[in-house]
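Construct the complete structure from the given sequences, taking the supplied hints into account.
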Amino acid sequence: MKHHQLPAPLVRFHIHMRRDHATELVKLANALAQLKGRDTRLGEALELALVAGLSTPFGDLLVLAQDDRSAPHWLQLGPVNRMGGKALTPAEMSR
2 MKHHQLPAPL
12 VRFHIHMRRD
22 HATELVKLAN
32 ALAQLKGRDT
42 RLGEALELAL
52 VAGLSTPFGD
62 LLVLAQDDRS
72 APHWLQLGPV
82 NRMGGKALTP
92 AEMSR
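Heads up, the final residue of the sequence shown is numbered 96 in our numbering, and it's a clean run with no missing numbers.
I should point out that these hints are in silico values taken from the structure, not numbers from a laboratory.
It should be emphasised that the depicted structure is a prediction, and the values quoted were computed from it without experimental measurement.
One or more hints might be untrue.
[Stated by the list, open to error] Here are the simulated distance ranges between beta carbons:
(1) Asp69 x Asp40: 21 to 27 angstroms
(2) Asp68 x Ala34: 33 to 39 angstroms
(3) Pro73 x Phe14: 35 to 41 angstroms
(4) Ser71 x Ala50: 20 to 26 angstroms
From the three backbone atoms N, C-alpha and C, an ideal C-beta is built for every residue, glycine too.
Set out below in structure tokens:
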């Protein structure tokens, strides 16, 4: 399998998300593919959703946050490692 160089503006993530959100991202990616006339990656759909969501002020987004009792699945994943607050470079993130 040939690995391609990751374009500079992109980073690679291993993420967890709810199944229903993954289903909606697939639907969005399919609609985006139809609009663009080519295959699209889920990352393109995720970016589109993030652009839409992040255009909303953080305070308004935080109102939508579920408490841990309503969304216990996030606690089941274990601790978060944010590298001590250090910014990660794209090269470090793609490892």
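Here is how each hint holds up against the structure:
{"no.": "1", "hint": "Asp69 x Asp40: 21 to 27 angstroms", "result": "violated, 38 angstroms"}
{"no.": "2", "hint": "Asp68 x Ala34: 33 to 39 angstroms", "result": "holds, 36 angstroms"}
{"no.": "3", "hint": "Pro73 x Phe14: 35 to 41 angstroms", "result": "violated, 23 angstroms"}
{"no.": "4", "hint": "Ser71 x Ala50: 20 to 26 angstroms", "result": "holds, 21 angstroms"}
Checked against the numbered hints above, the structure breaks hints 1 and 3 and satisfies the rest.
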